[in-house]
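Residue numbers (the numbering used here), protein chains in the order written: chain B, 1 to 92; chain Z, 1 to 92; chain H, 1 to 92; chain U, 1 to 92.
No wet-lab data here; the hints were simulated from the structure.
Check each hint, because a few of them may be wrong.
Since the list gives no way to pick one copy over another, a pair counts as held whenever it fits inside one copy or between any two copies.
Unchecked claim - Straight-line C-alpha distance at most 16 angstroms; calculated EDC-like pairs for lysine to aspartate or glutamate:
1. 89 - 30
2. 6 - 30
3. 10 - 55
4 protein chains.
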Amino acid sequence: MSHTTKEKAKLLGRIRRLKGQMEAVERALEAEAPCGDILNLVASVRGAVNGLMGELIEDHIRMHVVDPDKEADAERAQGAAELIDVVRKYLK
Amino acid sequence: MSHTTKEKAKLLGRIRRLKGQMEAVERALEAEAPCGDILNLVASVRGAVNGLMGELIEDHIRMHVVDPDKEADAERAQGAAELIDVVRKYLK
Amino acid sequence: MSHTTKEKAKLLGRIRRLKGQMEAVERALEAEAPCGDILNLVASVRGAVNGLMGELIEDHIRMHVVDPDKEADAERAQGAAELIDVVRKYLK
Amino acid sequence: MSHTTKEKAKLLGRIRRLKGQMEAVERALEAEAPCGDILNLVASVRGAVNGLMGELIEDHIRMHVVDPDKEADAERAQGAAELIDVVRKYLK
């Protein structure tokens, strides 16, 4: 993925938190927690997965397609910035 | 949640598989796997979370609202069956 | 659907607004509006369709399954209220 | 949007079909069609909106960011192809 070290650490942090959230679902189910609580926990997991997906797609655009902050071609830079904007709205 | 033991075992199996999928994402990121591969792994996690959410909602309808297979009131039974159908389509 | 007249009027209002939004997308495309503008218009349509879907499912639960505000069985009423809550979170 | 004429005609066709689907929902609601039928019609509208969104994003990538079929830089071409692939999977 050739992420910068900083970006990689950030993504790994997200994934570990997500694993922690999955373990909370597991414990809630084992403890026979109320159904509504379990549904809320899984809804949070879903939100976190969408957020991770959005971040990975944004990183992919910046690193492997066009980084709007570094691109010399102004039209491409703008096109990539608009694309990142749509991805953020879509996957939050 | 007062799930039956069988249903509970099934859900726990799903959650453990999901944790395994998260660990695959973590390993891929640590190993700096190609970005496209990581995106595909996370897309699979997302599909699995949606599937789990759909199953939990269906269970909730059957156990805490109306179970179409056990309900005496025919209209309610049909209404619940249609609802489960929509949830399945929506969350697959 | 046997909606109340009031509920029906509300849903028809939503659908007509949605048609209006689709026509705005059509005009923007015909006028060759900037791509980013068209994407934002379609993202709004998507949000409105999800909102309509959520409202229809909630109405379906109340009218054809269990209405938490009218149900005599307290457990069912609570189960239906939790279900409506999940649908709202999921489809906003 | 500076679409080619052919692409524009294709998108307008999609939008007009979508308007037709919205009108079918409106008629079904006015005629008090069964709730399950209306839910299925709206679910189809939702699928069509997602499909339109996916096509617009793909067009945007090709026209304003990087077209994998025309890009001289092989890495960028591959990055854009992977991105289009993810968008297609995500928004179908």
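Results of checking the hints against the structure:
no., hint, in the structure
1, 89 - 30, "neither (35 angstroms within a copy, 25 angstroms between copies)"
2, 6 - 30, "between (36 angstroms within a copy, 13 angstroms between copies)"
3, 10 - 55, "within (10 angstroms within a copy, 31 angstroms between copies)"
Of the numbered hints stated above, the single one contradicted by the structure is hint 1.
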